[in-house]
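Asker: This is what each chain is made of:
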Amino acid sequence: MRTLLIILLAAAALLARPAVALDAGLVEKLGLGDSDEKVAAINALAATGDPQAAELLAALAEGDVQTAGKRVLVVKGDQATDAATGEAVAPLPKDREDVVANNRLRGAIASALAALKLVAPDRETRLAAVKALAGGADPSILPLVKKALAQETDPIIKPLLEWVAATLELSGGDRDARIAAIRTLGLSGSPSSKTLLLALLEKRTDGGFAEPDEDVRIEAQKSLRAVEDRLAWGERAGLAFAGVSLGSILLLAALGLAITYGLMGVINMAHGELIMIGAYTTYVVQNLFRAHAPGAFDWYLLCAVPAAFAVSAAVGMVLERTVIRFLYGRPLETLLATWGISLVLIQAVRTIFGAQNVQVENPVWMSGGIQMLSNVVLPWSRIVIIGFAAAVLAGIWCLLTRTRLGLFVRGVTQNRAMASCVGVPTARVDTWAFGVGSGLAGLAGCALSQIGNVGPDLGQAYIVDSFLVVVLGGVGQLAGTVYAALGLGFANKLLESWSGAVLAKIAVLVFIIVFIQKRPQGLFAMKGRAVEA
Amino acid sequence: MKRRTFVRSMLALAMAASLAGMSLEAAAQAKTVKVGVLHSLSGTMAISETVLKDTALMAFEEINAKGGVMGYKIEPVVVDPASNWPLFAEKARQLITQDKVAAVFGCWTSVSRKSVLPVFEELNGLLYYPVQYEGEELSKNVFYTGAAPNQQAIPAVEYLMSKEGGGAKRWVLLGTDYVYPRTTNKILRAFLKSKGVADKDIDEKYTPFGHSDYQTIVADIKKFSAGGKTAVVSTINGDSNVPFYKELGNQGLKATDVPVVAFSVGEEELRGVDTKPLVGHLAAWNYFMSIKDPVNDEFKKKWAAYAKAKKLPGADKPLTNDPMEATYIGIYMWKQAVEKAKSFDTDKVIAAMAGQTFKAPSGIVSKMDEKNHHLHKAVFIGEVKADGQFNVVWKTKGPIKAQPWSPFIAGNEKKLDQPMTAAAAK
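Same order as they appear, the protein sequences are chains A and B. One rule links them: number in the working numbering = place in the first sequence (from 1) + 20. One rule links them: number in the working numbering = place in the second sequence (from 1) + 51.
There could be a bad hint or two in this list.
As the list claims (entries may be wrong) - If you anchor each label on the Cβ, the simulated ranges turn out as follows:
| # | chain 1 | residue 1 | chain 2 | residue 2 | range |
| --- | --- | --- | --- | --- | --- |
| 1 | B | D228 | A | D56 | 38 to 46 Å |
| 2 | B | G279 | A | Q391 | 47 to 55 Å |
| 3 | A | D56 | B | L174 | 56 to 64 Å |
| 4 | B | L174 | A | I372 | 34 to 42 Å |
| 5 | A | W417 | B | K327 | 22 to 30 Å |
| 6 | A | W417 | B | K214 | 55 to 63 Å |
To be verified - Below, simulated BS3-like cross-link-like pairs (lysine-lysine); rule was C-alpha separation at most 27 Å, straight line:
| # | chain 1 | residue 1 | chain 2 | residue 2 |
| --- | --- | --- | --- | --- |
| 7 | B | K151 | B | K448 |
| 8 | B | K446 | B | K327 |
| 9 | B | K220 | B | K280 |
| 10 | A | K137 | B | K327 |
| 11 | B | K436 | A | K114 |
| 12 | A | K90 | B | K448 |
| 13 | A | K151 | B | K352 |
| 14 | B | K391 | B | K82 |
| 15 | A | K178 | B | K82 |
| 16 | B | K244 | B | K446 |
| 17 | A | K114 | B | K274 |
| 18 | B | K327 | A | K96 |
| 19 | B | K352 | B | K362 |
Said to hold, decoys possible - Just a few of them, taken from the derived set where beta-carbon distance is under 10 Å, the chain B residues facing chain A:
| # | residue |
| --- | --- |
| 20 | K280 |
| 21 | P294 |
| 22 | E434 |
Derived by calculation from the structure, the hints in this document are not laboratory data. Using N, Cα and C, we set each Cβ at its ideal position, and we do this for glycine too.
This is chain A alone, in the form it adopts within the complex:
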């Protein structure tokens, strides 16, 4: 849709303006030259400042430029125009070759186009342009940057422009300008500053420094330290976010288990499969939306969340009614029976949906991320899941403490016989409580489908983690589950950044084994009477 719009706009622009010829030599080099010639042609075309050149470069980056013999064409759909003269070419020549823009050319085009936009009247365009240049720019655009700097007044764009100018002055120019540039770099917190400063301090293979001037080196060292300090904060923030994110996922996966195992004492090995069912429900809802309401596709999750809860809860309640209720108080049999059920569920899903992973697409609003600091991007999908986990937690807390069902559940947990005596229908409460726990697993599945793979084995990966969280947190405690999930998330991410993913996983498991040996009741123990199994 968007590309169509761009094509239409481009076509309209081409029609509206009388064709102005570009330098034919440059255009030919752009289409037929080797890479060095192409880069030179890109910079030369950009330097002309001609809007037609900008269009041609954008077309090249999009992969719309082709050559036919010596002619360079811009081909959009069935329409072709001569790149140099702007004339329409019809019919399309037969033997056409794509002009392939690789990373190097695309980078050159992006910075050339950005340089042209630095003086655009629109603030957003300028901001985007200066950000594009932050990745690294060709020194040949320094005059353009300086010109833009002279007329720039925006408080956000100006420092960025100054920084871009500094990166360009670093390599050329006199000593004072370079030292000033190094100081400017020291004021920023961007990873590219670090790259540039490090390059100044590099040692050659013969032991001497790449940078002969000692003052420059000392200045660079100072700036580098300042930049690294700032970057370190970004790294810490990123790590903390990753920890919270993993914690929120663990929490979602374990919350349901905290009810079925924690409160009710059922060792439910099929918990992971209830998560998997939630994920597959999301997949089905997604497909329904795609088939029947493609316009509202971006909002399918709003429908998938309650559907996942309902389906998993229903499956859970059926399980409770038909199997688990006959096994209360017999943990070993429960374990074996639910494990068997988990295998049945996996195989059932495999038969219905196939053994391969299915694709659950992120809605557009969950793709991409938000730039927090210069070196930290927080992906939307994870932010949404953290928020979702918090909302689910709040919901379940309200359910347990503010509603009649919650009161009954707590009552039955604490003393089943007494609750029964005062008229609580304990059997029905068990079914409902198990349904809620299973529904929560469904919600977890819905969330997991947005960041991971959805396949029949999905649940297997989370069942162990869920039990670890509940056991570590202390059986029968919701608060314990929360602390344990976040704690494990942080510990895992911290260790991962030190020792790698494989060792981190092992280290966390060892830690939990030792912890449970020393403190079998978990982080938070129920005070007073022990929970009956």
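With chain A held as given, fit chain B onto it using these hints.
Answerer: What follows is chain B alone, placed relative to chain A:
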């Protein structure tokens, strides 16, 4: 709905296959030869291996339609080792001893190949292995139709070091934790050192199979890349690639800043990923779907028709990739070798395989080396396009001979460029 009919037809197929197995005599009368297909159809590797099973079935159907091999119709025996390495060995044994297959086409991960290898050597079976791998192996009973490191990994790294590829100075070697990534990275580390890259500029990282949380790893790559122009070499295998590329896109790591070159990611693995943020990331293979060549056009057409006829998942967007091409070449070379040997006998077929040629969809004439059981292959490096296809940005002039024993691993210079047993026999 389509899926359900697919499942039903699969069930029918399975039943038919088991019926056929029961009446061995009837099968023998129809003059058939059994051939094994050993690919994971479930578990973490199913994302990559399922299409190889379908490619093999397509090739068999094609050969049968043209009269079979020496007049024998091919009867495929498809088993599912479920991404479970010991199960690979069990299934391989079953294929050779119970089903008495003439040849087996299968395996993707090196760990699965390593676990079936003793079985094939003990029972003198014949395995065609269609995936690029780390080398360091040369068995009489295996033909390697995928690339050795010098046909994929090393050219890719050389490209990224060149001015054209961005002139990378620092390297992140990221892989799944098993034998292929570990050995490939060992070779690459030695190669990079020979090019003057210091140890502090190489960062090796591994994740378990099926890993799905790549936040820390992508953040670490970002941090590492601040120290100079960085490239990432990814040997991540299986469905972990989907979360990895999603995270790359979400965290905004652009190919113009930090290019990621992958050795186990092709058109099929990118099917489930939004490729717009990934434009420019690279893959090195010996075949891309986008290669313009008449043989490739025909191959793509055949595959699209087959996928549609069999209602395969994803038939609305049929994709071909490198291991599919390698599977296809392997099957046809086996057929040619059988016809040359005029026998299905393992030893005679192995002898007849030497020097076989086949017009490959990648646009070259692929040749099985006379001695070392590997194909001569051309190398292509492609950049991801917005539609999930690859733009070929670099290629070798012609086919390259494989070096299964990489010269970058100490002690390899003494090893023979042919299987040990064959050498001893001569």
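Asker: Hints first: check each against the structure and report whether it holds.
Answerer: Going down the list of hints, with the structure as the test:
no.	hint	in the structure
1	B:D228 - A:D56: 38 to 46 Å	holds (41 Å)
2	B:G279 - A:Q391: 47 to 55 Å	violated (22 Å)
3	A:D56 - B:L174: 56 to 64 Å	holds (57 Å)
4	B:L174 - A:I372: 34 to 42 Å	holds (37 Å)
5	A:W417 - B:K327: 22 to 30 Å	violated (40 Å)
6	A:W417 - B:K214: 55 to 63 Å	holds (60 Å)
7	B:K151 - B:K448	violated (42 Å)
8	B:K446 - B:K327	holds (24 Å)
9	B:K220 - B:K280	holds (5 Å)
10	A:K137 - B:K327	holds (23 Å)
11	B:K436 - A:K114	holds (24 Å)
12	A:K90 - B:K448	holds (24 Å)
13	A:K151 - B:K352	violated (44 Å)
14	B:K391 - B:K82	holds (19 Å)
15	A:K178 - B:K82	violated (81 Å)
16	B:K244 - B:K446	holds (24 Å)
17	A:K114 - B:K274	violated (48 Å)
18	B:K327 - A:K96	holds (19 Å)
19	B:K352 - B:K362	holds (15 Å)
20	K280	holds (8 Å)
21	P294	holds (6 Å)
22	E434	holds (6 Å)
In summary, the structure is inconsistent with hints 2, 5, 7, 13, 15 and 17 from the numbered list given earlier, while agreeing with the others.
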